[in-house]
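> Given the structure of chain Z, go ahead and fit chain F onto it with the hints provided.
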Amino acid sequence: MERDELSDEQLLEGFHEGRQACFETLVRRHEDRIFALGLRMMGNRADALEATQETFLNLLRRSGSFKGTASFGTWLYRVGINTCHDLLRKRNRLPIPEETLPEEPIRQTSIDDTVALRADLARALRSLPDDYREAVLLHDLGGYPYEEIAYQTNVPIGTVKSRISRGRRLLAARLEQPGRASASKPHAS
Amino acid sequence: MTQTGDHDAWSELLLEFARGELERARSEELEAHLRSCADCRSELAAVRALLEEPASQMTEDERAELHAALQAGSQQAGNVVPLVARPSSERPFMRRLAPALGAAALLIIGGVAVLQGGLVGGSDGSAGGAGGSDGGGASVQSAAPEASRDEGLLGRPVWLGDLGRTSLDKVADLARSRSAVKSVRVAYRAAPTANEKLQKELALTDVLAPQAPPELRDSVRSCIDEVASQFEDARMLPAVGARGRLEGTKVLFVGFVTSSSGRRPNQLAVWAFEPNSCAPLGYQASPLAGGP
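Heads up: the sequence lines are chains Z and F, in that order.
Here the first sequence is numbered in my numbering, starting from 1 and rising by one per residue.
Here the second sequence is numbered in my numbering, starting from 1 and rising by one per residue.
If we strip away everything but chain Z, and leave its shape as in the complex, we get (with noise of 0.2 Å):
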């Protein structure tokens, strides 16, 4: 059978029993949606670059940790929501400093306009909650289903409905206000 054809599962499970080329199509097969996501969180490409490379360098460090009960893609994805989160807080960029952003959110033109917002979606997405920002990106963006959510969160699926219905509401109200996005925080449930 063809790397390709193969499931991640079964990817992994080949990378672990020594066959590097199945690591390869693995990055290969998951890069551009954890660069997306990267992405959105950092605000800027070469930040979501590194956020990529760095997830991709925790899956080569922790794919022992995957257990193979639940799917690979989703726990990969909160791997790379992880590593972004972590990146930022490293830099102390939650949220970013005000003197860093754009400042006039809308420019003319529409390079601009795309640089103004994805600094104002990141800045955004920091100011979420870390259980709501986790269950919006992983399913608004990433696809997943609530209950695959509900399971690699450990959480029941009403939670999850809740906390992305919530969240959204908090990052729509954050992007109308974007220059409260570090205003305070309510608690998740």
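Hints in this document: simulated from the structure, not taken from any laboratory.
Possibly wrong hints are sitting among the right ones.
No more than 20 Å apart at the CA atoms, straight line, and that leaves these computed lysine to aspartate or glutamate pairs for EDC-like [unchecked claim]: (1) F:Lys197 - Z:Asp86; (2) F:Lys250 - F:Asp206; (3) F:Lys197 - F:Asp162; (4) Z:Lys161 - F:Glu12; (5) Z:Lys161 - F:Asp8; (6) Z:Lys67 - Z:Glu9; (7) F:Lys170 - F:Glu247; (8) Z:Lys161 - F:Asp6; (9) Z:Lys161 - Z:Asp130; (10) Z:Lys90 - Z:Glu148; (11) Z:Lys161 - F:Asp218; (12) Z:Lys161 - Z:Glu148; (13) Z:Lys161 - F:Glu16; (14) F:Lys250 - F:Glu196; (15) Z:Lys67 - Z:Glu17; (16) Z:Lys67 - Z:Asp32; (17) F:Lys250 - F:Glu226; (18) F:Lys170 - F:Glu274; (19) Z:Lys90 - F:Glu196; (20) Z:Lys67 - Z:Asp8; (21) Z:Lys161 - Z:Asp131.
Quantities reported herein were computed from a predicted structural model and do not represent experimental measurements.
Just chain F now, with coordinates in the frame of chain Z:
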């Protein structure tokens, strides 16, 4: 489910709706609900903000940088992962050269081969692994020469030679034109811990100094140590070296990739030293593209 007041049920359909994947009849019902439910409108705005990203895929350069870094990182972890870059207009030439020249010759090619070499080189040394992205990983691992592993691990500082009469600006421009700078950044970033990053920083000197003429090798080491000892809190990664004349004086140039703020290295700093005393005679720093 179809009650317009049932916010929770509608909330579960917002992602499909935002992606345009909801069937038409249900979409129309949801649109009707949205007109009366501010919470759902708010949620939908958030979902759309997350999904709206026009350029969220990596560029080929970014992809190549990622693969090179992972290759270096995996080698450090004891695994050789033959991540081969997707085809570009330049790499097939290097692939054809690789089996004939071997890793040592690629090192001599120096700057030209660095990033391509980081990828091609990961599978180049094994010759058989260069056949494409599906080249057999296990055979590459067993055949990869030790020298090739070290190069990928360390990055590849480059000795630029005798530049004659020159300036700090010209040395900086020359350094930027060599992918040594990029390889050093990539290799450094791939080091997983602070201690390993420090070890890598120290080891870069061991790659650069032997490339200098014998009479300058001790000076290269001494001058790098001198600068590093003055900036203990900064990262000082030697990427290029050269000798030349600066305003009529014979000098030793060393170009460092440096960190200006405790974050990842994002500057190129070129120093000119009096070769025997390592007294600094000139200095120039400028940001590197692609840095934070």
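> Now tell me, hint by hint, if it's right for this structure.
Against the structure, the hints:
Taking the CA atoms of Lys197 of chain F and Asp86 of chain Z, the gap is near 18 Å; set against the 20 Å cutoff, the hint holds. At most 20 Å may separate the alpha-carbon atoms for a hinted pair to count; Lys250 of chain F and Asp206 of chain F exceed this at roughly 23 Å. Restraint check for Lys197 of chain F and Asp162 of chain F: not satisfied, since their Cα atoms lie roughly 30 Å apart, outside the 20 Å limit. With a CA separation close to 8 Å, the supplied pair Lys161 of chain Z and Glu12 of chain F stays within the 20 Å bound.
Distance restraint check for Lys161 of chain Z and Asp8 of chain F: the Cα-Cα separation of roughly 8 Å lies within the 20 Å cut-off, and the hinted pair is therefore satisfied. Using a Cα cut-off of 20 Å, the hinted pair Lys67 of chain Z and Glu9 of chain Z holds, with the two alpha carbons roughly 10 Å apart. Our distance criterion of 20 Å between C-alpha atoms is met by Lys170 of chain F and Glu247 of chain F, whose separation comes to about 13 Å. Taking the CA atoms of Lys161 of chain Z and Asp6 of chain F, the gap is about 14 Å. The hint holds against a cut of 20 Å.
Only pairs whose Cα atoms come within 20 Å are accepted, and Lys161 of chain Z paired with Asp130 of chain Z is accepted, the gap being roughly 15 Å. For the proposed pair Lys90 of chain Z and Glu148 of chain Z, the alpha carbon gap of about 29 Å is over 20 Å, so the pair is violated. For the hint linking Lys161 of chain Z to Asp218 of chain F, the alpha-carbon distance of about 65 Å lies beyond 20 Å, and the restraint is violated. The suggested pairing of Lys161 of chain Z with Glu148 of chain Z holds, with an alpha-carbon distance near 12 Å, which does not exceed 20 Å.
Under the criterion of a C-alpha separation no larger than 20 Å, the hint pairing Lys161 of chain Z with Glu16 of chain F is consistent with the structure, at around 15 Å. Taken as a hint, the Lys250 of chain F and Glu196 of chain F pair is broken in the structure, with Cα atoms around 35 Å apart against an allowance of 20 Å. Under the criterion of a C-alpha separation no larger than 20 Å, the hint pairing Lys67 of chain Z with Glu17 of chain Z is consistent with the structure, at around 15 Å. Using a Cα cut-off of 20 Å, the hinted pair Lys67 of chain Z and Asp32 of chain Z is violated, with the two alpha carbons roughly 24 Å apart.
Restraint check for Lys250 of chain F and Glu226 of chain F: satisfied, since their Cα atoms lie roughly 19 Å apart, inside the 20 Å limit. Between Lys170 of chain F and Glu274 of chain F the alpha-carbon distance is near 18 Å, which keeps this suggested pair within the 20 Å criterion. With a C-alpha separation of about 18 Å, the suggested pairing of Lys90 of chain Z with Glu196 of chain F holds against the 20 Å cut-off. At most 20 Å may separate the alpha-carbon atoms for a hinted pair to count; Lys67 of chain Z and Asp8 of chain Z meet this at roughly 13 Å.
For the proposed pair Lys161 of chain Z and Asp131 of chain Z, the alpha carbon gap of about 12 Å is at most 20 Å, so the pair holds.
Checked against the numbered hints above, the structure violates hints 2, 3, 10, 11, 14, 16; every other hint is satisfied.
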